[in-house]
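If you read the protein sequences in the order shown, they are chains A and B. Under the numbering used here, think of the first position of the first sequence as 37, with each following residue one higher. Under the numbering used here, think of the first position of the second sequence as 37, with each following residue one higher.
Hints were generated in silico from the structure; no laboratory data involved. This list has only true hints and no planted wrong ones.
All copies of an identical chain are treated as equivalent in the list; a pair is satisfied when it fits inside any one copy or across any two copies.
Below, simulated DMTMM-like cross-link-like pairs (lysine to aspartate or glutamate); rule was C-alpha separation at most 25 Å, straight line:
#1 K75 <-> E144
#2 K409 <-> D88
#3 K471 <-> E144
#4 K409 <-> E366
Number of protein chains: 2
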Amino acid sequence: MKKYDVIIIGGGPSGIITGATGKKQNPDKSFLMIKEEEKGLVPCGIPYVFHDLKEVSQNAMGPKPFIDAGGELLVDKVVKIDKENKTLSTQKGAEFQYDKLVFATGSEPSIPTFIQGYDLEGVEYILKSFNYIESLKQKTDRAENIVVIGGGFIGVEVAEQLAKFTSKTVSLVEMEKYCLYRAFSEDVAARVDTVIRSTNIKLFTNNKVQEILQNNGKVKAVLLGDGTEIKADLVIASIGYKPCTGLAREFGFQINENSAIVVDRYMRTNVEDVFAVGDCSSTIGFITGDSDSVMLASTATAEARILGYNLFHINLLRSFQGTLAVFSTEINNVTFASAGAIEQTAHNANINYIVGKFEDVDRHPGTLPGTSKLFVKLIVSPQNGAIIGGEICGGKSAGELINVIGLAIQKRVTIYELISYQIGTHPLLTTAPTKYVLIKAAENAMSKIK
Amino acid sequence: MKKYDVIIIGGGPSGIITGATGKKQNPDKSFLMIKEEEKGLVPCGIPYVFHDLKEVSQNAMGPKPFIDAGGELLVDKVVKIDKENKTLSTQKGAEFQYDKLVFATGSEPSIPTFIQGYDLEGVEYILKSFNYIESLKQKTDRAENIVVIGGGFIGVEVAEQLAKFTSKTVSLVEMEKYCLYRAFSEDVAARVDTVIRSTNIKLFTNNKVQEILQNNGKVKAVLLGDGTEIKADLVIASIGYKPCTGLAREFGFQINENSAIVVDRYMRTNVEDVFAVGDCSSTIGFITGDSDSVMLASTATAEARILGYNLFHINLLRSFQGTLAVFSTEINNVTFASAGAIEQTAHNANINYIVGKFEDVDRHPGTLPGTSKLFVKLIVSPQNGAIIGGEICGGKSAGELINVIGLAIQKRVTIYELISYQIGTHPLLTTAPTKYVLIKAAENAMSKIK
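Looking at chain A on its own, in the form it has when it is part of the complex (with noise of 0.2 Å):
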């Protein structure tokens, strides 16, 4: 039976970068990826294959990091894993010792199996499969009715880029309040919302489908609770992830409420040796030290980083503690941004909070050609002025903009410390810099606090 030093499952985000970064770092060892498809895709730009990447096969991303750094890689699927022994088996028939096993098998759409007619001929999903979106790609270029069931970072993005087909009605149905509820407070969510009604897409929120009704099987049409019909000939249920964690469940490891496996700071399972990193692992928020269920590509790469650097030893202390969010977004050309603590989850929490805010352009003087609005939201502890979370919506560059932010509440930074720090302006890039949005945001939520 052969033997590696280090067996990663997976080959998403997660798996390439804990494999490639932990390969560099300990050239001698051997690793191996177990992945279940030779293709794969770059998880956050599937909703642009649909239109602005024209092609699927644009969004390739294979573990090409990985084997660069010399690992090896089997495209095969892991049925059986013995801890005592440390073994595991394939599909195939293949079995392999391991001295580290890491599970990075990342996660799969959530089916609303609590809908009527969610099974029918023409409800599909955003799942992370190269074929699986090839096909649908296929069948969304045909269609001419398409429902998107789920206002969340995937179905906004979904939908908007299939309206981008005047051809095609296309319909969003979202059971919140706002789309983006979980990502952005009220004022902002709102601003999403404006954004969303002003493309070809019709926008239902506050609204749950009732159910997908039929046509000899086949999809047609959406009915939502308030009686309204949507016609439909295909319909895209976008209400969520779940971690993918049948194999770690069924061979004994330790699972939480959110069906992730349970990590500590150094991704470590309840088993030693053991590992789980991206989607499929638990996460814990950073303000609250609560469990929760952040999924994200660029989460995950930061989880993946520090299993790769501390895989044999802890190398590399993990430098902030918890998960924070980061979210970024462009719809119809308005970026929407959010980092660590929105009103709603701060509120939930029981956090005592303020608020600062500005809005301004994002060159100077504004009359330049290519100007956007900029508005920056701050949430700031009142106690020590600590930033604890940032919103943005403006043009592009909100997508560095909330790097900033991210970057501030990771070190701790105080709106007291933000006010006197120096920034960079150019009238083609920025705000000015007599009124830099960051800073007139941390000066809003001083002048409250005094």
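Starting from the structure of chain A, add chain B where the hints point.
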């Protein structure tokens, strides 16, 4: 004689922000701003009036935030200061008493008196004056052969804008090996030159101006050190700026070797109750602790906020000692940005450093429309891994990405911390999470320390 609690001399960014911040903090105190011209300009926007902005008035900036906060304005010129009696007199004969006095007198172009012909008709400067720039714009509109002397930020930006008029021949002369060589290390400065050469600008580096040649007292050509003669009907000399500190010098305030008014970290001069802020005041390099000469609106406004909060008492501690210069610009749609130490400054200050680099694209997958290359370089102290500088060459996102680096420097983030930090990524906005440029550059630096 009318008395004001605070009198500010100058109405540029530092005067406006000192006044607006100070008045908001002290609504019961009376504030007067004395400035020489009614209309002001966004200083860093000046190059763009020559092409992109079309009209000089599009780049106007007035003291509105200060007036809105309740400050008073006088268009006049201070000609005399009596430190002992705390009074001043103006050109128009007004006299005022003050409790606190603020120099915010800014900077003016250095005149190349060492070049024969510097005073000919047709030799102009980038003076921060509305009326002067309006007149200069008319001259550039008429000129056919323009020579810009000096490849610093202003010279490069003015040349880039003028070269957008394809009917004009625009030449740029820089005596150093590369343009922007004070803000970028050699490898990045070389990229700057490559981009400049991709425009219609004729670039002459490593070349001094020997003489400005005339025809009946008017400019006709520029003669370079290597004998090249460049035909010219307009010369714009942009060889740097110097603090406007004649008034302060005349009335006994301490001036340093760079002609700047000497201040401490709360912008206090050597005379009690008198402050200086912005380009006219001295700066201290954050790494070396030595006096340097940074003149940037972003630095000026950071100082102005510190002063505004602390005019009457130290209310808000200065959170970062020394001046961090953060530069950014865009040349022919390529963004260049730097923060803190570059290789030359680190070398000259005898600082031990290592470099971490990474290059990728600013979208993921890179097949998305609008993708630019993105190169990041970090300057790192090998002893503790602290980030002391960074440089970027990329698309527009570099304008805020440099502020992530700037915050990291100011908050003393190490590469070890950065590697496990969580960042936000999105296909349309950033590098991929698997190879986010900052983290990869930090990893590259770390690999050199081991």
